[in-house]
Amino acid sequence: MSEVETSPVARTHGVRDVEVRVWADAEQVPLLRSFAADIAMRMDFDLDAIEDLRMAVDEACSLLVRAAAPDSALLCWFEPVDAGVRVRARVDAEHAEPPSSDAMGWQILTALAAAVTEQVEAVDGGHRISVELYAVPGTAGVDPR
Amino acid sequence: MTTTPAGDEPGKAPDKGSADVDRFRELAALAPDDPRRAALRGDLVADHMDLARNLARKFDRRGDQLEDLIQVATIGLIKAVDRFEADRGNFYAFAIPTIMGELRRHFRDTGWAVRVPRQLKELHVTVAAGRNELSQKLGRAPKPSELADHLGLTKEQVYEALVASAAKQGTSLDARLAEPAGDRFGYEDDRLEEVDNRRALSPLIAELPEREQKIIVLRFFRGMSQADIARRVGVSQMQVSRLLAKTLERLRAALGEDTLAG
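Heads up: the sequence lines are chains A and B, in that order.
Following our numbering, the numbering of the first sequence begins with 43 at its first residue and continues without gaps.
Following our numbering, the numbering of the second sequence begins with 75 at its first residue and continues without gaps.
Note that these hints are calculated values from the structure, not bench results.
Think of the CB as a built atom: it goes at the ideal place given N, C-alpha and C, for glycine as much as any other residue.
Don't take every hint at face value.
To be verified - Facing chain A, according to a computed beta carbon distance under 8 angstroms, are these residues of chain B, among others:
| hint | residue |
| --- | --- |
| 1 | ARG205 |
| 2 | ARG214 |
| 3 | PRO216 |
| 4 | PRO218 |
| 5 | SER219 |
| 6 | TYR233 |
| 7 | ARG306 |
| 8 | VAL309 |
The whole structure should be built from the sequences, with the hints applied where relevant.
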């Protein structure tokens, strides 16, 4: 338990970077959703912000699972940063369809997270699709008081 | 309904309780296999169904489970009829706590989709109440740390309660099937017919007062429950329900149609 690499955020909340790897299958999405909610809870997000992040991660992962190649993995990173948490999720896909082509899903995602970006890059024999979202601890976090 | 034996004195307020006592004495006197026993027992239960219904209604918080609750209350009533000893006096005094106990047990044991230890259920109730209080006080959703301070709990206890409450309602395994995993391309959008209404709706929604707008959006575009909306907007669930009904009526009238699903 070395403290050398502990960031100030991790020291404050006891939450460090988390990396999760699951099958890119709709069945696994609830698992990631729960991870997200638990991390937000431990970072003391307000309860609405926790729910928002839970739903945002659900949506992001669902979009990626639909695009993923059969029998592939969904990778998800949760990274506490000073003002909030950054979540990155990634799958390998056969087609280069960006997640935002699902207009409804993308709209939900952008409404729930403070910032969302997507990336589609060509890799050997296919494409790598990622979604990165950034969430903040809720209105309490930006309260000037 | 059977005619009640002696005991109904004219002029006196109908003392159902004491008339019942005679029937309960009769019931107790009949042998277990006497066919009259089953008939009398059935009558006694049927004659007190109003009581069961009435008590069930007191526990009905969501409106959609009244029938279930009446069933539970009826089980309580049957137990009360079976266990009541006529010598102990008024049937109501015995039946009411029996039925209430059955209803409470129903909420305690089956209110959760997943079995959760008793302590955790109680913790959940405490945290849920604290959440409501703090939401009102702060005008926003509280943080887990604020809940812990407010309730005199450790943060871990609050975490446990929050995680447990996520398990309170299960989701049908079929729910996942409703969301197709791969074949989402090239099907005819069956919502196409709604387009006209939807286009007409958005300017109407934009005209609504801010609070009504927010409630409509949270309810129908975010699919939040009325209780969640109440917490978030900072009004009671009754108010949310009333505002929703009023606003929908207004929108329906403006669209000149009555098919908008509530």
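Structure versus earlier hints - violations, ascending order = Hint 8 is the one this structure does not satisfy, whereas the remaining hints hold.
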